[in-house]
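**Student:** Next come the chains, spelled out residue by residue.
Number of protein chains: 2
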Amino acid sequence: MANKAITKRDTDFAQWYTDVVKSAKLAAYSNVKGCIILEPNGYAIWENMQKTIDYMLKETGHKNVAMPLLIPENLMKKESDLINGFAPEVAWVTEGGTNKLEERMCIRPTSETLFSDYYSSIVRSYRDLPIKYNQWCSVMRWEKETRPFLRSREFWWQEGHTIHETKEEAEEETKFIMENVYKKFFHEYLAIPAITGRKTEREKFAGAEYTLTIEALMYNGIALQSGTSHYFGQKFSKAYDISFTNRNNVAEYAYQTSWGVSSRMIGALIMVHGDDNGLVLPPNISPKQVVIIPIGEEVKNLANDYNELLNKNNISSYIDDSENSPGYKFAEAEVNGIPVRIEIGKRDIENGTMVLVRRDTLEKITVSQDVNIVEVIRNLFKDIQENMYSKAKKRMESMTYKANDLKEVEQIMNTQPGFIKADWCGSEECELKMKEIKGTKSRCILDEPLISGKCVACGKEAKHLVVWGIQY
Amino acid sequence: MANKAITKRDTDFAQWYTDVVKSAKLAAYSNVKGCIILEPNGYAIWENMQKTIDYMLKETGHKNVAMPLLIPENLMKKESDLINGFAPEVAWVTEGGTNKLEERMCIRPTSETLFSDYYSSIVRSYRDLPIKYNQWCSVMRWEKETRPFLRSREFWWQEGHTIHETKEEAEEETKFIMENVYKKFFHEYLAIPAITGRKTEREKFAGAEYTLTIEALMYNGIALQSGTSHYFGQKFSKAYDISFTNRNNVAEYAYQTSWGVSSRMIGALIMVHGDDNGLVLPPNISPKQVVIIPIGEEVKNLANDYNELLNKNNISSYIDDSENSPGYKFAEAEVNGIPVRIEIGKRDIENGTMVLVRRDTLEKITVSQDVNIVEVIRNLFKDIQENMYSKAKKRMESMTYKANDLKEVEQIMNTQPGFIKADWCGSEECELKMKEIKGTKSRCILDEPLISGKCVACGKEAKHLVVWGIQY
Chain A
261 MANKAITKRD
271 TDFAQWYTDV
281 VKSAKLAAYS
291 NVKGCIILEP
301 NGYAIWENMQ
311 KTIDYMLKET
321 GHKNVAMPLL
331 IPENLMKKES
341 DLINGFAPEV
351 AWVTEGGTNK
361 LEERMCIRPT
371 SETLFSDYYS
381 SIVRSYRDLP
391 IKYNQWCSVM
401 RWEKETRPFL
411 RSREFWWQEG
421 HTIHETKEEA
431 EEETKFIMEN
441 VYKKFFHEYL
451 AIPAITGRKT
461 EREKFAGAEY
471 TLTIEALMYN
481 GIALQSGTSH
491 YFGQKFSKAY
501 DISFTNRNNV
511 AEYAYQTSWG
521 VSSRMIGALI
531 MVHGDDNGLV
541 LPPNISPKQV
551 VIIPIGEEVK
561 NLANDYNELL
571 NKNNISSYID
581 DSENSPGYKF
591 AEAEVNGIPV
601 RIEIGKRDIE
611 NGTMVLVRRD
621 TLEKITVSQD
631 VNIVEVIRNL
641 FKDIQENMYS
651 KAKKRMESMT
661 YKANDLKEVE
671 QIMNTQPGFI
681 KADWCGSEEC
691 ELKMKEIKGT
701 KSRCILDEPL
711 ISGKCVACGK
721 EAKHLVVWGI
731 QY
Chain B
261 MANKAITKRD
271 TDFAQWYTDV
281 VKSAKLAAYS
291 NVKGCIILEP
301 NGYAIWENMQ
311 KTIDYMLKET
321 GHKNVAMPLL
331 IPENLMKKES
341 DLINGFAPEV
351 AWVTEGGTNK
361 LEERMCIRPT
371 SETLFSDYYS
381 SIVRSYRDLP
391 IKYNQWCSVM
401 RWEKETRPFL
411 RSREFWWQEG
421 HTIHETKEEA
431 EEETKFIMEN
441 VYKKFFHEYL
451 AIPAITGRKT
461 EREKFAGAEY
471 TLTIEALMYN
481 GIALQSGTSH
491 YFGQKFSKAY
501 DISFTNRNNV
511 AEYAYQTSWG
521 VSSRMIGALI
531 MVHGDDNGLV
541 LPPNISPKQV
551 VIIPIGEEVK
561 NLANDYNELL
571 NKNNISSYID
581 DSENSPGYKF
591 AEAEVNGIPV
601 RIEIGKRDIE
611 NGTMVLVRRD
621 TLEKITVSQD
631 VNIVEVIRNL
641 FKDIQENMYS
651 KAKKRMESMT
661 YKANDLKEVE
671 QIMNTQPGFI
681 KADWCGSEEC
691 ELKMKEIKGT
701 KSRCILDEPL
711 ISGKCVACGK
721 EAKHLVVWGI
731 QY
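Same order as they appear, the protein sequences are chains A and B. Residue 473 in the working numbering is what sits at position 213 of the first sequence, and the numbering runs on without skipping anything. Residue 544 in the working numbering is what sits at position 284 of the second sequence, and the numbering runs on without skipping anything.
Calculated from the structure, these hints are not laboratory results. Incorrect hints may appear among the rest.
Identical chains blur together in the list; that is why a pair holds if it fits in one copy or across any two.
As the list claims (entries may be wrong) - When the alpha-carbon atoms are kept at most 27 angstroms apart in a straight line, the in silico BS3-like pairs for lysine-lysine are as follows:
#1 337 x 360
#2 464 x 360
#3 311 x 323
#4 572 x 311
#5 311 x 495
#6 444 x 318
#7 282 x 392
#8 282 x 323
#9 268 x 654
#10 323 x 285
#11 360 x 338
With the hints as constraints, model all of the structure from the sequences given.
**Tutor:** Below is the structure:
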């Protein structure tokens, strides 16, 4: 039974999204324009994302630091592409206490400038390299149109900033983060299939030599840029003077990267897995993995026993012992996306059974109370996780098209948008022609053979196979 | 052997502090005036503090959320004590992108306004109460003079904000957090003894009915306000309209609290436990608890075995296998405050021994390689933790004086400052008279019998026993 507070996903996807965010109590609109409040359910997901990615980063030699919130305008200006890229969308602090500031400062939209300035003060020799630091924080970009998780003036993220002795090592880091951290995290934890590749010149990050991106496809066929990893070469290190004495005893500028994923991933979780009943969370990222719903007084002890047993075995379980009706509790568990629900009623005591309900398929499984419940639940998690991934993968594949010319692109985007693979000559002009079709943009350049060898827009010789899509 | 990069603690305490912060790589000055950079060693301590306090809060029913970074001026103004208290020390955002804002917004100096505004929108009935939310974030206060960890324009903290059905429950929460979270954390993790009590009217938080505080005494006898817990009564709930239908079906305003501890605690750790060799960290808060220093190639395998064994048993251990000399490594381990150092040399292989060095006493303990090293280290941690606490406690006690009149206060503060217990009549005038003596301020009112019954300043009848001190 679909949740009445939630618009049907196929009726109005945008409204469905807003309804799920609200019903699952993930975020609330604040009275600060364009800024959201992460409510407990939303923040708990973010904490789990943080915990997992933080572990992956620490295991691979990255360390956390905290940089200042503000960037003086002159520091920002040292790298001209960056200031040009971000100036239209930063918030400026111009007064401190009762005084007008001599120099205005912006709230960080990203922290390349601060890390670069700091690195220039601590690096002397190749022996100091690599330096691989990361920070968890919120950043601010003065967006005009905002949507919870997808685009808001303030958002939460991690930003890694590393410097290296050689070009090769820095490029390896750029790729490692994308493939071995982000893509892996999306696959194994979020159960989200994604495409990774290189952004075009037009779409790359201001100041980067190149940008790698991870692109996911939402249920409605709209693409979500879900994380980026930038290779800067020596651009920032020249602008901010991050030089070191290399192995040949010669001064050299460091090779630099930066990369980040954000609370936007919560938006991806909702829009890839959610359904008409609300949120559907993969067990590997869900803060609460099991909810036990005892129906009637006589099963309370049994429910407590199971709850204790599961938690003792590192399965995050809780009992819904509120005064609400069982039906209300079922709906609540569903809207919150709890992967497995255990229902135990009076009849189950008589029969020695209980009922497990999978959130992903809503399938009910009656099991004997004699089973090794920890093992059963663990296997079920594995099943759910795999099923959610493969379902999302099939959908992405069924919505990934090939196109040979603009007419085909138009037809696809007017029928059912999705990813379009099409050859491209490399010119910005042709990118702009694609954009005229419902805002279709290049998502990334793939390292795959061309389709026809001819540019989808101009028909001339193609250089790259590109994935295109309409973006959030 | 004292560290040469560090000024002697008894020679120049302020310089010693700065040297330790720098040598232990805890924080760096940034090029953003008044803002620091938390470097990996400093941030790792902060992460451990967060982890422990977060666990304590979650175990007692608190949930994490994230509120916006900015507060519109009008929202701030709704509670007049608050705006009057903070207006002189906030940073104002007046431009967003290329536009001047219609209403300026401040960067949160604290978030009572945002939580209150949010609570007013989500609370309907007593059934919704209590709500106990917390956030981990940085806040900004436009300080003029700054010192790393002790006072900087930006600092990191947690701020808890709760609302309750009754006065009693809210007051209980205010006290619970102070005694069962903060004081417990200071004792059991930071090994810092502290005094808790109530702030005077003059010293309480703007807008609070009363403020509880935790006050610690630094090595040099200066007091550090290390955390506060406020009871607001219905003041904010009236200003921000947080009303609910109570059990008698009557509309009532909620009873509110807020409380916080910050990265300032890192300053307390340094100034309570540090010595001429650098930082000294209690095992229960140290990110790295054991460093193993192999001396010579032939002991490397043994060092690896021990390192693996310790880490497997949840003891955070690492090997210093850098190319530096053993002496350099010893000094490095000491400056970083690692609780236990294990030295293994060639002769130890022959003798079947190894050397453990306690950071707190620098005592060397030779043990056989046959001992159960995990157990030995665990016991040593317990010893170190207790020893650090009792040493700090003895010092605090020896620096806690009693005074009957201003002359005695003056004499104490001119000789060796510390905590002074003295009776007080309750008048602000007398507080100001005390302040004339080297800035001596009331730290808190104690729930203890009076000494002489006469006010230390005016000699009239006293109402409270107060702890006084010079503060950071």
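**Student:** All hints are to be evaluated individually against the structure, with a verdict given for each.
**Tutor:** Verification of the hints:
no., hint, verdict
1, 337 x 360, "both (20 angstroms within a copy, 20 angstroms between copies)"
2, 464 x 360, "neither (36 angstroms within a copy, 29 angstroms between copies)"
3, 311 x 323, "both (14 angstroms within a copy, 16 angstroms between copies)"
4, 572 x 311, "both (20 angstroms within a copy, 20 angstroms between copies)"
5, 311 x 495, "neither (32 angstroms within a copy, 37 angstroms between copies)"
6, 444 x 318, "within (15 angstroms within a copy, 29 angstroms between copies)"
7, 282 x 392, "between (38 angstroms within a copy, 20 angstroms between copies)"
8, 282 x 323, "between (35 angstroms within a copy, 18 angstroms between copies)"
9, 268 x 654, "within (22 angstroms within a copy, 67 angstroms between copies)"
10, 323 x 285, "between (32 angstroms within a copy, 13 angstroms between copies)"
11, 360 x 338, "both (23 angstroms within a copy, 24 angstroms between copies)"
Comparing the model with each earlier hint shows violations of hints 2, 5; every other hint is respected.
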